[in-house]
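Student: As they're listed, the protein sequences go chains A and B.
Read left to right, the first sequence gives residues 1 to 128 (the working numbering).
Read left to right, the second sequence gives residues 1 to 558 (the working numbering).
Incorrect hints may appear among the rest.
[Claimed, not checked] Mimicking DSBU-like on lysine-lysine, the simulated pairs with C-alpha atoms at most 30 Å apart in a straight line are:
#, chain 1, residue 1, chain 2, residue 2
1, B, Lys-480, A, Lys-107
2, A, Lys-125, A, Lys-73
3, B, Lys-437, B, Lys-265
4, A, Lys-73, B, Lys-497
5, B, Lys-99, B, Lys-231
6, B, Lys-99, B, Lys-179
7, B, Lys-460, B, Lys-179
8, B, Lys-480, B, Lys-129
9, A, Lys-102, B, Lys-480
10, B, Lys-99, B, Lys-186
11, A, Lys-79, A, Lys-125
12, B, Lys-9, B, Lys-24
13, B, Lys-506, B, Lys-186
14, B, Lys-33, B, Lys-20
15, A, Lys-125, B, Lys-460
16, A, Lys-103, B, Lys-129
17, A, Lys-73, A, Lys-107
18, B, Lys-480, A, Lys-73
19, B, Lys-499, B, Lys-522
20, B, Lys-231, B, Lys-317
21, B, Lys-497, B, Lys-99
22, B, Lys-178, B, Lys-99
23, A, Lys-103, A, Lys-79
24, A, Lys-102, A, Lys-73
25, A, Lys-79, B, Lys-129
26, B, Lys-129, A, Lys-107
27, B, Lys-522, A, Lys-103
28, B, Lys-47, B, Lys-33
29, B, Lys-231, B, Lys-265
30, A, Lys-102, B, Lys-424
31, B, Lys-506, B, Lys-178
32, A, Lys-73, B, Lys-129
33, B, Lys-522, B, Lys-179
[Claimed, not checked] Counterexamples of contact, computed for chain A against chain B with all Cβ distances above 12 Å:
#, residue
34, His-4
35, Gly-20
36, Lys-22
37, Gln-49
38, Ile-52
39, Asp-55
40, Leu-75
Read the hints as simulated data drawn from the structure, not as lab findings.
C-beta atoms are modelled at their ideal positions from N, C-alpha and C, and glycine is treated no differently.
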Amino acid sequence: MKKHTRVLMTKIGQDGHDRGIKVVTTMLRDAGLEVIYTGPWQTPESITQVAIEEDVDIIGVSSLSYDHPLIFKLLDLLKENDVNIPVILGGIIPRSDAEELKKAGVKEVFHPGSTIESILECIEKVTA
Amino acid sequence: MEENKSTKKSEEEFMENYQKFAMKVPERKPEFKTESGIPIKPLYTAKDVTSSSKDIDLGFPGDYPFTRGVYPTMYRGRVWTKRFLIGQQSPEIFNERQKAMLEMGQTGINFIPCCNTAMRGFDSDAIPKETIGRCGSTIDSLLDAEIAFEGIPIDKVSTAFNDGNPCICAALYFALAKKQGIPLHKITGTSNQADSLSHWMSLHQLILFPLEAHIRCLVDHMKFCTEHVPKYHPLSIVGQHMAEQGATPIQEIAFTISNGIYYVKTFIESGLDVDDFAPRLSFFFSVHNDFFESIAKFRAARRIWARIMRERFGAQKPASWQLKSHCQTTGVALTRQQPLNNIARTAFHSLAAVLGGTQSLHTDSFDEPLWTPTPEAQRIAININNIIAEETGVANVTDPLGGSYYVESLTNEIEDRVLEIISKIDHMGGMLEAVNKGFPQDEILRSAVEHQREVDSGEKIVVGLNRYTISDDDDQEPPKTEINEELIDRQIERTRKLKRDRDKKKAERSLEDLRKAAETGKGNIFELLIEGALTYLTRGEMVGTLRDVYGFGQPLSL
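Same shape as in the complex, but just chain A (with noise of 0.2 Å):
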């Protein structure tokens, strides 16, 4: 892992359930990665703009009540801005909807129950 990978944790839509994305930041944290949480309620455009004027070099994504769906937008928006940020999605999302994000370009889908080093590795695998 690069020193001080710099990590963009938010929640998308109108989801609240913020406890496993406040876990995932704080152990991140104390793994020495540079964590910025968004606080709930983002939208698409909103984190395209903080991930870019934070440079950060992965973008994390948590959604507890089924708002993965404008995950798409948020990669849409992403590649109209040619912005290079690789996204990994956290949280209770069905199979098959899994598998379609991933073919739209989302890089992994963590489920409940995930290790916080399955998500260490894959960010350096995906920032390196």
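Position chain B relative to chain A; hints supplied.
Tutor: The following block gives chain B in isolation, referenced to the frame of chain A:
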């Protein structure tokens, strides 16, 4: 005296024997502890209960301080209300599912509005369609409430709303009652998520405005119901989502009761008499994984609250001292892996809630970690309750675990530790100050991170997740909840049409009244929401107007 001496002697002998045996068959773990971290001894005896320095008088069910239950007859009289969350897609689906569940033994309604629209104060025509109705039912207006409750006798059934304050669902429901000519004094139920302080510090889903504005709306709701809807519970003090956020059982009780103290003070300061509102306060807890600790938690909570209400607040009525609870079995302990295992888990959680003496229960469906439940999954969940009630025999006696050395010792220990935290919060200046300083939030997050570390390291076993696993290919996904997109379209069109067709003048006038009340601080917001509902104002319009005045709520985050 003699009895104590002989018990002490036997226990020492037992421990000698225990250590000898443990040389041959070592203990499975270096230490055993409850989910809250209370060390668990190998054995509990009468000594553990009677040697406590507290004057523990267990008392009887129905007697202060209610350790053994809030009512004398408990489930011999009436089993706990089977109050299952229902709500997904649109009000038509709610109506259909609710009727089916009433046939399967549901005895209280528990309406969950859509997480992404209703809970956030938006109408169905206001947010991206693909995120609507997947997590709760849409309910924009009185028209939707009419559809949702069609054919359901709302004067005969108790309805809880899993809706935050300003309690739009309750306003729609009371408006519906008025329209049907049902006097409000006949309406029963609960505003199950009106506890904005707990949302401010924990699950933020239901935060719409700055906290002070929410509290103002809540006080108005409480005052209105105290006067006009005396059988309704305008406030459930919620620990459930704190537990889901990571709070241990001890933290859940300590923070919830501290919130309760804040509310009682607030309502008294607003001019209400404690005995006028306290009997209609209710509590809403989670049931954790640790079976006996969950049971003991309820007993300790009842005892602590009863003492606070009588001694701290001087309440006179026994009903004011009673902690009555609704429970929801934990969702975070369920696994996506081998989801049928969740049937066993939720059965144990439900049993713990019953042995703990809950008044009302929602049991999660096994497919909860995947999606909003299918009708079949919900049927299994309610049958868990039916089986406990009809087949296990546990409901045939009051407080069956009363006197258990372990359970009583745990109850005492939880009480001590909870009181310590409450005292700490008191010294901070009360729960509002503690929340503004981030104290409970940090504590909860710390517990959540610790739990994650323990699961990641394998110290905590989660069956199917880090032990007894099977491959993804072998792990069949259960039948999926199918979303009827047509219903979502219909909902969106219905709201749009409503806005076009209603009496515009009346609607505008009631919206203006609401705005004025919010701006001036005069008038009862909740009463005006009912009036607004009757003119077919939508939730989005009413909440939107309040947001214009109060601002957008942004709770302290990480």
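Student: Confirm or reject each hint.
Tutor: Verification of the hints:
Of the pairs offered as hints, the one joining Lys-480/B and Lys-107/A holds, with about 25 Å between alpha carbons and a cut-off of 30 Å not exceeded. Distance restraint check for Lys-125/A and Lys-73/A: the Cα-Cα separation of roughly 24 Å lies within the 30 Å cut-off, and the hinted pair is therefore satisfied. Distance check on the hinted pair: Lys-437/B and Lys-265/B sit about 20 Å apart at the alpha-carbon level, within 30 Å; holds. The hinted pair formed by Lys-73/A and Lys-497/B meets the criterion: a straight-line CA distance of about 29 Å does not exceed 30 Å.
Proximity of Lys-99/B to Lys-231/B is assessed by CA-CA distance (about 23 Å); at most 30 Å being required, the pair is judged to hold. With a C-alpha separation of about 21 Å, the suggested pairing of Lys-99/B with Lys-179/B holds against the 30 Å cut-off. The hinted pair formed by Lys-460/B and Lys-179/B fails the criterion: a straight-line CA distance of about 54 Å is larger than 30 Å. At roughly 20 Å between alpha-carbon atoms, Lys-480/B and Lys-129/B fall within 30 Å of each other, so this suggested pair holds.
Using a Cα cut-off of 30 Å, the hinted pair Lys-102/A and Lys-480/B holds, with the two alpha carbons roughly 20 Å apart. Restraint check for Lys-99/B and Lys-186/B: the C-alpha separation of about 21 Å stays at or below 30 Å, so the hint holds. Annotation: proposed proximity of Lys-79/A to Lys-125/A holds, straight-line Cα distance about 21 Å (limit 30 Å). For the proposed pair Lys-9/B and Lys-24/B, the alpha carbon gap of about 24 Å is at most 30 Å, so the pair holds.
Note on Lys-506/B and Lys-186/B: the hinted pairing holds, with a Cα-Cα distance of about 28 Å set against a maximum of 30 Å. A distance of roughly 22 Å separates the Cα atoms of Lys-33/B and Lys-20/B; the hinted pair therefore holds under the 30 Å criterion. This hinted pair checks out: Lys-125/A and Lys-460/B have alpha carbons roughly 28 Å apart, not beyond 30 Å. Note on Lys-103/A and Lys-129/B: the hinted pairing holds, with a Cα-Cα distance of about 22 Å set against a maximum of 30 Å.
For the suggested pair Lys-73/A and Lys-107/A, the alpha carbons sit about 15 Å apart, so the restraint of at most 30 Å is met. A hinted pair counts as satisfied when its Cα atoms are at most 30 Å apart, and Lys-480/B with Lys-73/A qualifies at roughly 25 Å. As the CA atoms of Lys-499/B and Lys-522/B are separated by approximately 28 Å, the hinted pair is consistent with the 30 Å bound. At most 30 Å may separate the alpha-carbon atoms for a hinted pair to count; Lys-231/B and Lys-317/B meet this at roughly 16 Å.
Simply put, Lys-497/B and Lys-99/B have alpha-carbon atoms about 27 Å apart, close enough for the 30 Å limit, and the pair holds. Our distance criterion of 30 Å between C-alpha atoms is met by Lys-178/B and Lys-99/B, whose separation comes to about 22 Å. With a CA separation close to 15 Å, the supplied pair Lys-103/A and Lys-79/A stays within the 30 Å bound. Simply put, Lys-102/A and Lys-73/A have alpha-carbon atoms about 14 Å apart, close enough for the 30 Å limit, and the pair holds.
Distance restraint check for Lys-79/A and Lys-129/B: the Cα-Cα separation of roughly 23 Å lies within the 30 Å cut-off, and the hinted pair is therefore satisfied. Annotation: proposed proximity of Lys-129/B to Lys-107/A holds, straight-line Cα distance about 25 Å (limit 30 Å). With a C-alpha separation of about 55 Å, the suggested pair Lys-522/B and Lys-103/A falls outside the 30 Å cut-off, and the hint is violated. At roughly 20 Å between alpha-carbon atoms, Lys-47/B and Lys-33/B fall within 30 Å of each other, so this suggested pair holds.
The straight-line distance between the Cα atoms of Lys-231/B and Lys-265/B is roughly 22 Å, inside the 30 Å bound, and the hint therefore holds. Of the supplied pair hints, the one linking Lys-102/A and Lys-424/B is violated, its CA atoms being roughly 48 Å apart against a limit of 30 Å. The straight-line distance between the Cα atoms of Lys-506/B and Lys-178/B is roughly 17 Å, inside the 30 Å bound, and the hint therefore holds. As the CA atoms of Lys-73/A and Lys-129/B are separated by approximately 13 Å, the hinted pair is consistent with the 30 Å bound.
As the CA atoms of Lys-522/B and Lys-179/B are separated by approximately 26 Å, the hinted pair is consistent with the 30 Å bound. With a least CB separation of 19 Å from chain B, His-4/A remains clear of the 12 Å interface cut-off, as annotated. At roughly 9 Å from the closest C-beta of chain B, the C-beta of Gly-20/A falls inside 12 Å, breaking its exclusion from the interface. Separation of Lys-22/A from chain B is inadequate, the least Cβ-Cβ distance of about 5 Å not exceeding the 12 Å criterion.
A cut-off of 12 Å between C-beta atoms confirms that Gln-49/A is not in contact with chain B; the least separation is 18 Å. Its beta-carbon lying about 21 Å from the closest one in chain B, Ile-52/A satisfies the requirement of being farther than 12 Å from that chain. In this structure Asp-55/A is separated from chain B by more than 12 Å, as the shortest Cβ-Cβ distance comes to about 20 Å. At roughly 14 Å, the least C-beta separation between Leu-75/A and chain B is larger than 12 Å, which holds for a residue marked as non-interface.
Of the hints listed earlier, those the structure fails to meet are numbers 7, 27, 30, 35 and 36, in rising order.
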